[in-house]
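A.B. asks: The chain contents come next:
Protein chains: 2
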Amino acid sequence: MATLSSDLRIDIDRLSDRLAALAEIGAIEGTEGCARLALTDEDKVGRDLVVSWMRDLDLTITVDSIGNVVGVMGGEHDGQPVMTGSHIDTVRTGGRYDGNLGVLAGLEVIETLRAAGITPPRGLAVAFFTDEEGARFPPDMLGSLVYVGGMGVEEAHAIEGIDGATVGGELDRIGYLGPAPLPAPAPHAFVELHVEQGPVLEAEELTIGAVTGVQGISWTEVSVTGQSNHAGTTPMALRKDPAVVAFRTAAFVRELADELGAPQVATVGRMHLHPNLVNVVPATAEFTIDLRHTDNDVLLDAERRTLEFLLEAAAAEGCTVTTKSLARFDPVEFDDAVVACVEQTALTQGHTVRRMPSGAGHDAQMLARVCPTGMIFVPSVNGLSHNPAEYTSPADLEAGANVLLQVMLELAAT
Amino acid sequence: MATLSSDLRIDIDRLSDRLAALAEIGAIEGTEGCARLALTDEDKVGRDLVVSWMRDLDLTITVDSIGNVVGVMGGEHDGQPVMTGSHIDTVRTGGRYDGNLGVLAGLEVIETLRAAGITPPRGLAVAFFTDEEGARFPPDMLGSLVYVGGMGVEEAHAIEGIDGATVGGELDRIGYLGPAPLPAPAPHAFVELHVEQGPVLEAEELTIGAVTGVQGISWTEVSVTGQSNHAGTTPMALRKDPAVVAFRTAAFVRELADELGAPQVATVGRMHLHPNLVNVVPATAEFTIDLRHTDNDVLLDAERRTLEFLLEAAAAEGCTVTTKSLARFDPVEFDDAVVACVEQTALTQGHTVRRMPSGAGHDAQMLARVCPTGMIFVPSVNGLSHNPAEYTSPADLEAGANVLLQVMLELAAT
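Protein sequence lines, in the order shown, are assigned to chains A and B.
Note that our numbering has the first sequence beginning at 363, numbered continuously upward.
Note that our numbering has the second sequence beginning at 363, numbered continuously upward.
Hints may be right or wrong, so weigh each one.
Okay, the calculated bits of chain A under chain B, using three or more residues with CB under 8 Å as the criterion [unchecked claim]:
1. 622 to 628
2. 648 to 661
Some chain A residues judged to face chain B by a derived CB distance under 8 Å, without partners named [to be verified]:
3. Q577
4. N591
5. G594
6. T596
7. L600
8. K602
9. L618
10. R632
11. N638
12. V640
13. V642
14. P644
15. A645
16. A722
Think of the hints as simulated: they come from the structure by calculation, not from any bench.
We treat Cβ as the ideally placed atom computed from N, Cα and C, and that holds for glycine.
Throw the hints in and build the complete structure from the sequences for me.
C.D. replies: Laid out in structure tokens, this is it:
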């Protein structure tokens with residue numbers, strides 16, 4: 363009697379072994395982490411390894427001209443496949459789970475189905491997208507952006523990295539300048555398994571996050587100019603202290619986030635005073651404001667209120683202000699049906715689950731432009747990511763991969 | 363008929379010429395400023411020049427074992443002389459007036475009296491004290507501190523500078539390790555002419571400040587430790603953001619100063635966030651708090667309220683705090699009679715005048731420990747000091763030196 367597909371379970375040891383084998387490439391000595399910046403020699407060796415595993419699984423492999431690699435099981439179907447995937451490039455101080463999990467869990471799903479002799483009615487695809495991190499070549503999520511037609515190939519090839527190399531040149535050099543056309547045909551649906559990279563699931567003792575979308579991001583750099591003066595001899599009434607404007611605005615941004623409530627987040631993570639001396643009223647204060655929300659109207663309102671406060675605080679202090687947008691992305695909403703499928707599958711498998719937005723960017727948000735899309739989160743211990751100490755327990759990896767398996771089968775059934 | 367001493371006036375051209383000649387030593391190219399860090403070769407050349415002027419004026423010159431140089435006119439008197447003076451060392455980016463004015467105006471007073479054939483009933487002395495700036499050897503006001511017995515000579519000689527040299531070694535090397543005993547006998551009275559180094563006189567369009575004392579100073583370094591996290595994925599409720607504690611406390615410090623009113627001043631001039639990135643909740647925030655007031659009780663209260671706010675803000679954010687006192691000096695009050703004499707003399711000479719505290723430290727505050735003391739301020743354009751662009755108009759220099767002349771005569775008459 364054949365196994366019921368709903369009873370299928372992935373092999374966590376096999377998945378962990380693959381995660382460990384991939385993490386050995388570019389391993390950061392003395393840690394569990396690794397460094398495989400996009401399109402470097404380390405990235406090439408990692409790609410070659412993952413492609414060899416795709417070959418072992420008898421997938422039909424295509425490489426496109428931005429270096430995205432897609433392996434398809436059951437390529438004989440007419441319609442587009444259900445796709446999963448993520449990225450295998452890392453930041454310079456990367457962990458072994460960020461991105462890699464989504465790709466290798468996809469392979470684990472395929473291998474589990476192969477072993478059970480199950481061929482779903484629709485093809486299944488596993489992709490890894492180029493330069494998701496953007497740590498070598500800006501912007502991040504470059505490969506998936508080009509995949510869905512958000513940027514032209516020529517423009518992408520011309521991008522210069524932090525080391526002066528170009529995307530096109532490096533793709534050619536490492537042998538991943540493929541022939542598949544771009545933008546690619548839209549998949550039937552896309553679902554990505556990823557570590558949360560935040561503390562919410564762990565704090566609430568939950569196993570699965572059914573990701574509802576990606577927060578909109580607003581990064582602003584603020585420069586305030588005042589009048590540098592002696593801190594002892596300048597009465598308060600005669601000061602034009604740009605640091606006071608910065609402190610007040612930064613404190614306001616926190617109050618605003620508290621007032622707006624979750625999922626609003628707001629951070630002033632960078633500040634520089636000049637000349638930055640104990641007994642000198644600063645001449646200038648520079649700082650950044652990071653605002654994020656899932657609802658673009660709320661995000662716009664938070665931006666407007668922050669700017670209003672900043673300008674009033676500067677005027678009150680007799681300082682001048684310039685602002686510069688460093689990044690601005692609208693929120694992305696994932697497909698209701700896919701989100702519900704993730705949530706229901708987790709519950710069916712006996713896991714605790716919550717709907718939640720993603721605070722970080724992911725390839726899935728690019729795929730959401732062209733097909734029904736969702737994501738599955740598993741907990742990150744201490745919320746750590748982009749850190750060699752990034753960790754997710756085997757039990758949580760297993761839970762996430764099993765949810766991925768059933769969600770892909772469900773999506774492939776339609 | 364002899365000139366009435368109250369009609370005597372100094373020669374501003376001669377004073378300006380001496381200021382210019384001294385500023386040529388260690389001149390900062392392309393500016394009006396100069397750099398003569400204490401006990402360097404430049405300081406030695408500057409000292410030699412001023413000593414040569416003292417010799418030209420036939421003063422009795424003594425050098426003590428911390429390198430303070432005192433020139434006395436009319437050494438035949440029994441009692442102690444009325445002393446004026448200041449310093450001729452500068453910071454690395456110094457102006458030509460800070461300190462130098464007080465010394466050269468003293469010489470100008472003597473020369474004016476000599477030219478008029480006037481010998482006051484009590485001796486007059488002009489001093490320059492070693493290392494007032496503290497820019498090479500901490501603490502500042504070192505020479506006058508040792509002069510009044512606030513630090514022993516051996517301890518002072520052992521002080522190591524920013525370049526590894528010692529005070530004793532450098533005094534010997536430049537030939538200013540003199541024989542005069544320390545602590546020195548207290549003068550009859552001390553009065554110092556100095557540029558304001560702040561904006562108050564200019565802002566109020568006044569010529570003379572009758573300095574009532576020196577503000578007490580409290581410098582605290584604060585380190586706040588929280589939990590570094592991803593700015594996108596960490597909900598506000600789960601944050602321990604040390605920067606928020608720093609911003610709130612820094613904003614509070616300003617509100618506190620505004621509430622307490624002049625002469626309270628409060629400055630957060632230095633802040634460093636780590637890792638200081640736009641999208642990372644910082645792990646640590648370090649900043650300094652500079653509080654000053656003329657009334658020690660108010661200063662103590664400001665310190666207490668600031669610490670209370672800091673600890674509450676840190677507790678609310680789940681952060682830990684350490685504080686370290688970088689400096690703490692009680693306020694100094696000058697002698698009522700000397701302050702009144704400065705004020706009255708300015709009025710008599712037709713100048714506008716106000717009583718005011720000094721926000722910066724001066725040699726006079728050390729002399730105030732051992733004799734009736736006062737200071738005369740003249741305006742600093744734009745409040746600038748410790749800056750090659752430091753400037754005081756010849757008219758204001760002249761006014762200040764003429765007030766000094768009459769105040770010294772007045773003090774010497776008793």
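A.B. asks: Would you mind marking each hint as holding or not holding in the structure?
C.D. replies: Okay, the hints, checked on the actual structure:
For the segment 622 to 628 of chain A, the stated coverage by chain B is satisfied: 5 residues place a CB nearer than 8 Å to a CB of that chain, which reaches the threshold of 3. Using a Cβ-Cβ cut-off of 8 Å, 3 residues of the segment 648 to 661 of chain A lie near chain B, which meets the minimum of three, so the contact claim holds. Proximity of A:Q577 to chain B holds as hinted, the smallest CB-CB distance being about 6 Å (cut-off 8 Å). A hinted interface residue such as A:N591 counts as satisfied when its beta carbon comes closer than 8 Å to some beta carbon of chain B; here the least separation is about 6 Å, so the hint holds.
The interface hint given for A:G594 is met, as the beta carbon of that residue sits about 3 Å from the closest beta carbon of chain B, less than 8 Å. Below 8 Å, beta-carbon pairs count as interface contacts, and A:T596 has one with chain B at about 6 Å; its hint therefore holds. With a cut of 8 Å, the hint placing A:L600 at the interface with chain B holds, because the nearest CB-to-CB distance is about 5 Å. Hint status for A:K602: violated, given a least beta-carbon distance of 11 Å to chain B, over 8 Å.
Interface restraint check for A:L618: the shortest CB-CB distance to chain B comes to about 10 Å, outside 8 Å, so the restraint is violated. Hint status for A:R632: holds, given a least beta-carbon distance of 5 Å to chain B, under 8 Å. Annotation: A:N638 was flagged as interfacial toward chain B, and the flag holds, the nearest CB pair being 5 Å apart, inside 8 Å. Evaluation of the A:V640 hint against chain B yields a held restraint, the C-beta minimum of about 4 Å falling below 8 Å.
Contact between A:V642 and chain B, as hinted, is supported at the beta carbon level, the nearest pair being about 5 Å apart and thus within 8 Å. A cut of 8 Å between beta carbons decides the hint on A:P644: the least distance to chain B is about 6 Å, and the hint holds. Checking A:A645 against chain B by beta carbon gives a least distance of about 10 Å; that is not within 8 Å, so the hint is violated. At its closest, the beta carbon of A:A722 sits 5 Å from a beta carbon of chain B; the interface hint therefore holds under the 8 Å criterion.
Comparing the model with each earlier hint shows violations of hints 8, 9 and 15; every other hint is respected.
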